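Peer 1: So the sequences go chain by chain: A, B, C and D.
Residues 1 to 401 in the numbering used here are what the first sequence lists, from first letter to last.
Residues 1 to 401 in the numbering used here are what the second sequence lists, from first letter to last.
Residues 1 to 401 in the numbering used here are what the third sequence lists, from first letter to last.
Residues 1 to 401 in the numbering used here are what the fourth sequence lists, from first letter to last.
To be clear, the hints were calculated from the coordinates, so they are not data collected in a lab.
Everything numeric in this text was worked out from a predicted model, so none of it was measured.
Watch out, some of these pointers could steer you wrong.
Where chains are identical, the list cannot tell them apart; a pair therefore holds if satisfied intra-copy or between any two copies.
To be verified - Derived lysine-lysine pairs resembling DSSO-like cross-links, with alpha carbons at most 27 angstroms apart: (1) K108 <-> K118; (2) K383 <-> K108; (3) K118 <-> K383; (4) K132 <-> K84; (5) K118 <-> K132; (6) K6 <-> K108; (7) K84 <-> K108; (8) K118 <-> K6; (9) K383 <-> K6; (10) K132 <-> K6; (11) K6 <-> K84; (12) K383 <-> K132; (13) K118 <-> K84; (14) K132 <-> K108.
Protein chains: 4
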Amino acid sequence: MNDASKYASRVAAVLNDLTIELPSWGFADTGTRFGKFGQDSAAIDFTDKLSDASHVNRLTGCCPKLAVHVLWDFSANQQPAEVKSQAEQHGLRIGSINPNLFQDQQYKYGSLCHPDAKIREHAVQHCIDSIKLGQAVDSRVVTLWLADGSNYPGQDNLRARKGRLQECLQTLHGHLSSEQSFLLEYKPFEPAFYHTDLADWGMSLALARAMGPQAKVLVDTGHHYQSQNIEQIVAWLLDEGMLGGFHFNDRRYADDDLTLASIDPYQIFRIFYEILSYAHDTGRTPTIEYMIDQSHNLKPKIEAMIQTVMTAQELVAKAAIVDFDLLADLQARQDIVGCERHLKQAFFTDVSGLVTAWRVEQGISPDPLTAHRESGYLEVIEKERRQRRQELGIVTGGSYA
Amino acid sequence: MNDASKYASRVAAVLNDLTIELPSWGFADTGTRFGKFGQDSAAIDFTDKLSDASHVNRLTGCCPKLAVHVLWDFSANQQPAEVKSQAEQHGLRIGSINPNLFQDQQYKYGSLCHPDAKIREHAVQHCIDSIKLGQAVDSRVVTLWLADGSNYPGQDNLRARKGRLQECLQTLHGHLSSEQSFLLEYKPFEPAFYHTDLADWGMSLALARAMGPQAKVLVDTGHHYQSQNIEQIVAWLLDEGMLGGFHFNDRRYADDDLTLASIDPYQIFRIFYEILSYAHDTGRTPTIEYMIDQSHNLKPKIEAMIQTVMTAQELVAKAAIVDFDLLADLQARQDIVGCERHLKQAFFTDVSGLVTAWRVEQGISPDPLTAHRESGYLEVIEKERRQRRQELGIVTGGSYA
Amino acid sequence: MNDASKYASRVAAVLNDLTIELPSWGFADTGTRFGKFGQDSAAIDFTDKLSDASHVNRLTGCCPKLAVHVLWDFSANQQPAEVKSQAEQHGLRIGSINPNLFQDQQYKYGSLCHPDAKIREHAVQHCIDSIKLGQAVDSRVVTLWLADGSNYPGQDNLRARKGRLQECLQTLHGHLSSEQSFLLEYKPFEPAFYHTDLADWGMSLALARAMGPQAKVLVDTGHHYQSQNIEQIVAWLLDEGMLGGFHFNDRRYADDDLTLASIDPYQIFRIFYEILSYAHDTGRTPTIEYMIDQSHNLKPKIEAMIQTVMTAQELVAKAAIVDFDLLADLQARQDIVGCERHLKQAFFTDVSGLVTAWRVEQGISPDPLTAHRESGYLEVIEKERRQRRQELGIVTGGSYA
Amino acid sequence: MNDASKYASRVAAVLNDLTIELPSWGFADTGTRFGKFGQDSAAIDFTDKLSDASHVNRLTGCCPKLAVHVLWDFSANQQPAEVKSQAEQHGLRIGSINPNLFQDQQYKYGSLCHPDAKIREHAVQHCIDSIKLGQAVDSRVVTLWLADGSNYPGQDNLRARKGRLQECLQTLHGHLSSEQSFLLEYKPFEPAFYHTDLADWGMSLALARAMGPQAKVLVDTGHHYQSQNIEQIVAWLLDEGMLGGFHFNDRRYADDDLTLASIDPYQIFRIFYEILSYAHDTGRTPTIEYMIDQSHNLKPKIEAMIQTVMTAQELVAKAAIVDFDLLADLQARQDIVGCERHLKQAFFTDVSGLVTAWRVEQGISPDPLTAHRESGYLEVIEKERRQRRQELGIVTGGSYA
């Protein structure tokens, strides 16, 4: 067995480097098309989201940024400066800005790919507004998930849509400040079922390159075909200098938005391993945005968020104790069983002591999840938000038909 | 090439036999978790649904029944007799009764499988009420899709849940009248993502058998693992005497609820072929409920319904012109290319003339879709429902977060 | 964190119970359709296989049985008594008997499902011979993987094939001695690509039930649709009293025959957890045959076998430290995060010390893999078999076309 | 319904343009890892393959080229000029040259990606030899399917392998004559199961671009993830100017190598539709190599080849009768049902008369498959090859273990 203790400094180093962005929408009630199960403690407004994110950041010590969805988090007459200062009061910064191009009724047949130039313009303008908003709140990252696609063969011209999309994206690149990067997500299906305009990493890569030097690819761990090798895609994007960041979650079937590593922890470990391996081999630390993108229909939202952060920390710590030089040597000799054994030994090594020690050093609780349960925070917000929800007449649920 | 004309009587016979039940929810606004795109013409209430279904039945001549979802279609104080008579006024009968066990807040962790006996009792009572309602409106079929499942390993005891489910189902069987049958659906995932309590046909078969003689299996064409051979499942269920019916739709990835045969028409043809082959080989015509279960987020709802019915008719007509004796002979000689050629020739034979002739004989339009577009029905309901929606203050859309 | 040491007795108990059968074919050269990569140390004949299996059993202390494939392991004029005694000389017993119905030229269109009654009779006779052979060598288990299927729609009558299969299997059941059980495997595809006659657990279950009381279902961990929940199938088969055994391996895409838990260790852990949970809840220890079915194209065969056994031991030990009562309590309260956390904590607990201690108590090496590498066994057989292969003129490789 | 007759000239035009390359290996005995089912008529040597291909070309009138696999078709001391002239005597030209990098024992851990530079050099040299051979026989296309990959996490460094591959491919590009193109295939898995070095179109595209201007991407219709939209990939590659050609076949699960359009004919139709749509919209006819890559384990090989060619002709003819302008108009109005109806009407239009008429005009049989069955060719080669096989002592079959 590995002597984990001798890896303490490596573990501390990767934990110091790992900041994870929280999603504002992860604190609100979300669900499936068959309905939402409401939680009293779910955030009602942006202030609630800031409060919850701040609580998670305090407990975990590594979540200083909150990703925002323009549509859900900002009102038209809200001043960006105000938002920024409100975040700062909660000890947070605004993280990635997410334009929203999938919900408006006008986007029924697409947004940036829509056959109608007027609707494309509208969508482009929304993205430009998002970019500007990002500049105003000192956010460095714009993240685009494009839901565009079609449901039936023949419904639209696939090549024409690609052309429209490329043109729109190039326009957007022109509006970025020199400090902003634009991350292009991909997803095989849902909400479109016959074709999705940005369906895989190859499509995002091609269009990110066509956009310009500040565009990169965003890997959502739940947005792949079944059995696709995600860590290989990560390795290729790193090698091509085009990996911009991650949306963390896990899945079994489709885009299930489950907690990171809840279904296949070994796979998430291997993703971290590829990133650390790249850093080891090249001596370069890539700039990667780590963002959580999960919607919890069943789990308590704050708990799930803390659990995700803790899980990511444990898995990156396990990846950090891989002995890359030893592994390279085993690989050179094609000692397959030896290679595999070394990698799995790292995965199964108990690093909880090292992670706990790091937390204590940071002045935070050795077990943030338990600390949360004991904090009383949940009880307070449950009571307050239940009552506010009643006063506002908000009913959660929704009906399929 | 086949001389399709000599198959006129066979085609007419299968078309005479094919009645397709329409889903009440298929006329209402539905969508994905990322929102609904509202249609002015979408049904607002049950009367609208009856009106739309009646229109489709008039145009197609083969949809005399409307499936209902207890939760969405009936109000507590509505008399079943009234519902039945209202349907009759539209020239319709009430088809399958669908209890709804997935939407209420109490079903967060399941309904018939829930760890809490109180909630199971509540769910059972809802199903009993549905069964009684079916008796009151002369419906012969209760159809259960069970959304129960869990999202995370360890969340609940899989075996215990199976036991609870079996017990509840056996209770329900005791409430069926001798004329009612109970169809048990299955689905691999969604809304549950780690495990679904009735995940595949084997599970539905085992529990239908455990329920009693009036329970059978319902095959939803969109509820299978990728690459699973649906027609083989149909053939097995027929052979076991356990095929109760179908929910018609198509899919590419998951439960996409697209129009029947829009993605893989050859597969739907093969399902019809298995059914006709069974009837040919055994001399028995199985009692099978054909029901549409589609939710159209993009397509006009009435058009999509008519298109589905027409597609089913064309495909069953193509299956009817297979020469089963000739094929059996080719199979006995294992002339694979010959077998395949014969089957595909039937699939590609132009049967539109035969189907059209049958429609004309029924006194209906040779092209129901065009007849619908020319009928003016859509314009009338669009105008009336748009206005009514405004008056009622109904806003379609919904927000993910 | 769990204090693993207090679980020492539970771990020892499950390790005492876990005997794993080795596959004779796992020591021979195997490959993909694109060729085999020969290993000097690969077994050439049955004596080699016995020798290798005996070596693995000596090192691991839990593999006293060798599964055999009638076609590859026995010559026509070999006396069963001789085989049995030869095995005993190696400290082994003959495990499951595997009839072989996929390789002969006559099985081109199937064996037990073949349209031609003569070929079905031939296949039945081969199975009867296998059953008798099993009786003669004191083997208790006959294991059938049926490769039958078709490649093209229409190639054969799916229902007729089911009927033929059922008839043949019922005949076979009549030849079992009262001590023999018959395990029916399933597999979605390969070598047949359009349909496979025993494609999923539901089909194996239906036909095992139709066979008679001594037939049960065999779960090969690599024979499932992508994203199918294997542990749920295991839980259902246990509950139905129909789980006969396992073929251990892992896969990423199809039936890849990789080392157990090499791709998704958490899943294999969950399978063990379901088995131990069943035993805990019911107080019954089910009779389950654990068999390895892997073919290593790249890994050294003996190493891979030892690695598999060690992996199974570690994972069952991890499953053994789950506190079932505590988990049941968390489940009753639907504390999802608590449930998940408890299960994963068991999975990640370092049990290597407990497993090592158990080995030392058994008088075997604490690290069988290292013991093997240091034993010199490989070098001896490599040299001897390389030379023998040359003398016999055996060339490994094979050509795709 | 479409009046197919008015489309006669369009159908004739696409049929004139469609030449399909036959694979030499498609006439030889191939199989699965579980064995090969020998056919008396299977080609034994290259002369047989030329004879069979020539027979197919005579009957179909559109297969003037034979793809060759360097390893299986050429002996070391054979003069390329001789091969070329032998082909010409059969009325054929040598089509694509396929280097073979997967079968030799030295390629156990890879070829162009192998950790050992010596083996990479050996593989590069084999490819250079193939390129030169292509020049010598006037073949314009080199086609590379790379089987390289790994079976276990950690087995090799994914990024390092990418680097090695890129370097080798760039070297190869330098050896191409100005008339040669190099087509890079991709495949998600098999024979490697954990990762494949060229796993998807995005990887092939990235490396084809890195190679140089004469490299393009080859789409094998069977080499995709389940549910992946192949026609979208085709549309993107066309738009990027990087579509080099196709390997035609069909599949249900994995790389099943079934007859084109035997499982999902609508999908293959949509691929042709994308190609013709590109030509219509841009006025450019792309240079696309259409090649069959099928291995028939069950079907008679020559029949299967003829059937494939006939199927491709029927489907491209159906695609040709799509009214692209009308469809564009329907798309602009987002008349989804109208779009879909138009596309499917083309798919279901009976074009057999038009295709037959074209054949008669070419002076070939209106039904090549029947013509083959009546030609007596099969009986002659069966007898001759059966005898020759006996004389040569060739036994087909092979054993899994």
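Peer 1: All hints, please: hold or fail.
Peer 2: Structure-based check of all given hints:
no. : hint          : verdict
1   : K108 <-> K118 : within (14 angstroms within a copy, 42 angstroms between copies)
2   : K383 <-> K108 : between (38 angstroms within a copy, 20 angstroms between copies)
3   : K118 <-> K383 : between (46 angstroms within a copy, 25 angstroms between copies)
4   : K132 <-> K84  : within (13 angstroms within a copy, 59 angstroms between copies)
5   : K118 <-> K132 : within (21 angstroms within a copy, 53 angstroms between copies)
6   : K6 <-> K108   : neither (56 angstroms within a copy, 36 angstroms between copies)
7   : K84 <-> K108  : neither (33 angstroms within a copy, 36 angstroms between copies)
8   : K118 <-> K6   : neither (61 angstroms within a copy, 38 angstroms between copies)
9   : K383 <-> K6   : neither (47 angstroms within a copy, 41 angstroms between copies)
10  : K132 <-> K6   : neither (47 angstroms within a copy, 56 angstroms between copies)
11  : K6 <-> K84    : neither (42 angstroms within a copy, 52 angstroms between copies)
12  : K383 <-> K132 : neither (37 angstroms within a copy, 41 angstroms between copies)
13  : K118 <-> K84  : neither (32 angstroms within a copy, 48 angstroms between copies)
14  : K132 <-> K108 : within (26 angstroms within a copy, 40 angstroms between copies)
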